[in-house]
Amino acid sequence: MTTQRVFIIDDDPAVRDALVTLVESVGLIAEHFSSANAFLSHYNTDTPGCLITDICLPGMDGIQLQQVLKERAINLPLIAISAHGDIAMAVKMVRGNAIDFIEKPFRNHVMLQRIHEALEIDYQQRQQSSEVKRLHEQLNQLTPREKETLNFLLDGKSNKVIARELSISPRTIETHRANILRKMQAESVTALAKLINNNLHNSTDK
Amino acid sequence: MESNLLIGSLVFIPLLAGMLWLQKRNTQIRQQLIAAKNQCSEIHEQLNEQAELFRTMFDSAPECVKLQKADGTIERINATGLSLLDTVIPATIVGQSVYDVIAPEYHAAYQKLTASVFAGNTECMEFELITFEGRRRWLETHAVPLRNKQGEIKSLLAITRDIEERKQMSYQMEVQRNRLQTIIESEPECVKLQDKDGTILEMNPAGLSLLNAVDSSEVIGRTIYEFLNSDYHAAYHTLTEEVFSGKRCCMEFEVTGISGAHRWLETHAAPLWDNAGNVTALLAITRDISDRKQSEEKLRRQHNELAHVCRLSTIGELATGLAHELNQPLCAISSYAESAVLLNARPYGKDPVKVELILQKIVCQTERANGILKRLRDFVRKKTPKPQANQALSLIENMLEFIDPERRRQGIEIDVTYDDALPDVWVDRVQIEQVILNLITNAIQAIVLTPEVPRKLSINITDTDQTVTIKIRDYAGGVPDTIRPNLFTPFITTKEQGLGIGLALSHSIAEAHGGRLWYEPAEPGSLFSLALPCRAIST
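So the protein lines, in turn, are chains A and B. If you're matching positions, the first sequence starts at 1 in our numbering and goes up one per residue. If you're matching positions, the second sequence starts at 1 in our numbering and goes up one per residue.
Keep in mind that the hints were calculated from the coordinates and are not lab data. It is possible that part of the hints are untrue.
Covered stretches of chain A, going by a simulated chain B footprint (3 or more residues, C-beta under 8 Å) [as the list claims (entries may be wrong)]:
| id | segment |
| --- | --- |
| 1 | 7-18 |
| 2 | 105-114 |
Cβ-Cβ distance ranges computed for the label pairs, FRET-style [to be verified]:
| id | chain 1 | residue 1 | chain 2 | residue 2 | range |
| --- | --- | --- | --- | --- | --- |
| 3 | B | 341 | A | 73 | 37 to 47 Å |
| 4 | A | 94 | B | 348 | 10 to 20 Å |
| 5 | B | 485 | A | 73 | 51 to 61 Å |
| 6 | B | 415 | A | 121 | 40 to 50 Å |
| 7 | A | 42 | B | 306 | 48 to 58 Å |
| 8 | A | 59 | B | 231 | 28 to 38 Å |
In this text, a Cβ means the ideal position worked out from N, Cα and C, and glycines have one as well.
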């Protein structure tokens, strides 16, 4: 996994430089841009990190940027900053999933705290999405009969009940169950249920 | 001849010869007598001719000729003399006393003259006559003694001329001089004569009172520069030179009177010529314009107050943008400072070079913030306008910096084009910046309020004939037809929150600078032109 980066967009060179200085002072890598477009044309979706952006920008402003990020499914955690103290815009940004809105001038420790939180969120998001990917791959290895069995298991039904429902012997169910746990690399049905619940809760393909 | 005949009868014969001789002699004598007679009549004729000539001259002399006795009895007088007395009949005066016609107040003097002439002197005097028609007439007489063969003075011969016209003229002149003097003395404005180096030659009472002088001796002979405030010395010197070169001039200046009182004066100076065509003095009519100056000053102060209020109001409108503008460096400074503290507090791996770099950046940003504040302060500061040479471009750039946050917020492009080598304009910086800012904010507001128009504003600076013209054009809706005739009238506005003062004030500021502000529709959009002078206007 590549190193996390803090992307900074501000049209004011001094504010930009101050943020870069702050980010670098705690050993993080900063990349800075004077406009939203400059960032968008540079950013590669695979790069982990977070984004600090001024709301008032020449050309595309913060709100429009948030829209574009959503369209392009870029989930980089976003910290909005503004010198205007424009409440209406701040509310819009936060509703659009910005993790926070910070007024200029900001306190470094507050900013750093938010940056770290944002990076953690990004890490978690990326972790989660790799977990989901792995789960899907594992699920695809299951035979149709195993998939049917798994559904009954996740519903909390016993081997006997499942055998009766599928009109097969409890012993065969026993074998399917062992295969499922092996293929899904799960210790128990309970652990597997938890894993699936956590990662695939939002996706409908159970 | 009878004696000759008697002698002939007594000694007839012997003396015949003698008789014949005598006869001959007689004939000779007779002839001589005839000759003498002829000669005599010739002389007589000559005498007659001369007498005639004398009489003709006497009678037809254009001046009065008269003979007079010591007691004043007139012996003879010519026709001109009679006409001076408004008569044609010699008997009315001849044989009468001259004192009958001389105005009584001159009798004594005339007696003295007569006595002097009879003592052998030549005399001359002026006196008034009262004619037979009762009119008074001015005469000038030259009197000489007239002697007989024995050298005795028998008469006074006087040649007298009518000097009524001359007297009238000099009387008129005197009247005029008096009238002029009265006018000057009672003239409510200062009238003064001054020489080339500024010395006051003459000054009327009104002038003296302007300088708080009680007596003319306090002022006459002193120089005007003693009273003139030093700011005006150079200009007054120039005025004096102009006047002495034959021109009329006018100027306003301040003086301090003898009592120390301060006054504003306005003077109209003209050259005073002599007959040879040389300027001998500067004649000036000067009036006290302190009251006018005071009300002008009051008006100007009110105008400046209004301009100041408008600037504050403009700043109010731009406050959000300015706060943002100021927030940027503050934000950078606070962040830099905290970073520096953090770097310095590291237990290991301290980086003094980096800390110093950050500190320098802090200084930079402080200056930036200071610059913004200074610009703001200069703009809202209340001060007396003072025209100076300014670059039109720098005035515009200053205001573009001011408006920049607002411009960026509204996403408007502003392009500025200008002629090469623009001359400086002679204006008060803040006031003209205010006009420019007013025009730019108006344009930005027009763009923002009109949907779907180019978010663009063009500024163009040109220079023609010592006038710099700044044209500000937008591509929005333009000024509505209903507003256009009253565009520069106060309290006319299309804006809900506008006072309607901005353009009216801008217009009067432009005019106060000797410039102009006008509007033209620009299909699409508006074009405002601000023309500014490059030289000082004379006040």
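Going through the hints against the structure:
Counting residues of the segment 7-18 of chain A whose CB falls under 8 Å from any CB of chain B gives 6; the rule of at least 3 is met. Here the segment 105-114 of chain A counts 6 residues with a CB under 8 Å from a CB of chain B, which clears the bar of 3, and the coverage holds. Evaluation of the 37 to 47 Å hint for residue 341(B) and residue 73(A) yields a pass: the beta carbon distance comes to about 40 Å. Take residue 94(A) and residue 348(B): their Cβ atoms lie about 39 Å apart, and the range 10 to 20 Å is violated.
At roughly 59 Å, the beta-carbon separation of residue 485(B) and residue 73(A) lies within the given 51 to 61 Å, and the hint holds. At roughly 44 Å, the beta-carbon separation of residue 415(B) and residue 121(A) lies within the given 40 to 50 Å, and the hint holds. A hinted range of 48 to 58 Å for the beta carbons of residue 42(A) and residue 306(B) is consistent with their spacing of about 52 Å. Against the hinted window of 28 to 38 Å, the Cβ-Cβ separation of residue 59(A) and residue 231(B) comes to about 56 Å, which falls outside the hint.
Hints 4, 8 from the earlier list are contradicted by this structure; the remaining hints agree with it.
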